[in-house]
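**Student:** So the chains spell out like this:
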Amino acid sequence: SQTIHQWPATLVQPVGSPLSLECTVEGTSNPNLYWYRQAAGRGLQLLFYSVGIGQISSEVPQNLSASRPQDRQFILSSKKLLLSDSGFYLCAWRADSSYNEQFFGPGTRLTVL
Amino acid sequence: DAKTTQPPSMDCAEGRAANLPCNHSTISGNEYVYWYRQIHSQGPQYIIHGLKNNETNEMASLIITEDRKSSTLILPHATLRDTAVYYCIVRDRYGQNFVFGPGTRLSVLP
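One line per chain: the protein sequences are A and B, in this order. The opening residue of the first sequence carries number 1 in this note's numbering; numbering runs sequentially from there. The opening residue of the second sequence carries number 1 in this note's numbering; numbering runs sequentially from there.
By construction, these hints were calculated from the structure, which means they are not laboratory data. Honestly, I wouldn't trust all of these hints.
Among chain B residues calculated to face chain A with C-beta under 7 Å, some are [claimed, not checked]: (1) 12; (2) 43; (3) 46; (4) 49; (5) 50; (6) 97; (7) 102.
The structure displayed is predicted, hence computed values, not measured ones. Even for Gly, the Cβ is constructed at its ideal location relative to N, Cα and C.
Sequences are here, hints too, so could you generate the full structure?
**Tutor:** Now the structure itself:
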């Protein structure tokens, strides 16, 4: 069966510090991968998605970036965090097919102080 | 992708059926209706999806009106663990983006 992992589960970082969040998927090949952010009490906002290694599409311009160095690994990064980067970051995967649903990881709660 | 409208909150008694409505009056012919739920501080959980026929799985039933402009998610016997925010999403089968609105906060009461 497929599983999706995210780490760390929680993170507290000072403003201006770098960020690296990792997501890995097991039990599937060539998945579509997604990064979402959820601000407190709000819906999910799609940040990036990837249909293959090295292929990244950005939905919202900001100081975050994403990379996909391996088929089942998706990384969210920032060189300098802002206060507004605080939120709940969710990684999701979808089988490489047309109408399949997305499956979400457990999320990382980031607090920027 | 079509926009959806859901009530912000609903209550349901434990053991009773929870019926969560969703309006998607601008849905187009190739757009599917998906339902997810999110329990506090967890990632969203897929529940069910459908195109035009009613669907049922071990978690819930999805009833889509004949004109496809609205749908209802039914949890047949709600438990306290079903307390969550429920999201109705309409998406083109080729689209990448699942647009999550504010959803419906369902409270199952003992």
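**Student:** All hints are to be evaluated individually against the structure, with a verdict given for each.
**Tutor:** Now the hints, each set against the structure:
1. 12: Constraint on residue 12/B not satisfied, violated at 22 Å.
2. 43: 3 Å, holds
3. 46: Residue 46/B check passes; min Cβ-Cβ to chain A is 5 Å, inside 7 Å.
4. 49: This hint holds: residue 49/B lies near chain A, its Cβ roughly 6 Å from the closest one there, short of 7 Å.
5. 50: 10 Å, violated
6. 97: Since the shortest Cβ distance to chain A is 5 Å, the answer is holds.
7. 102: 6 Å, holds
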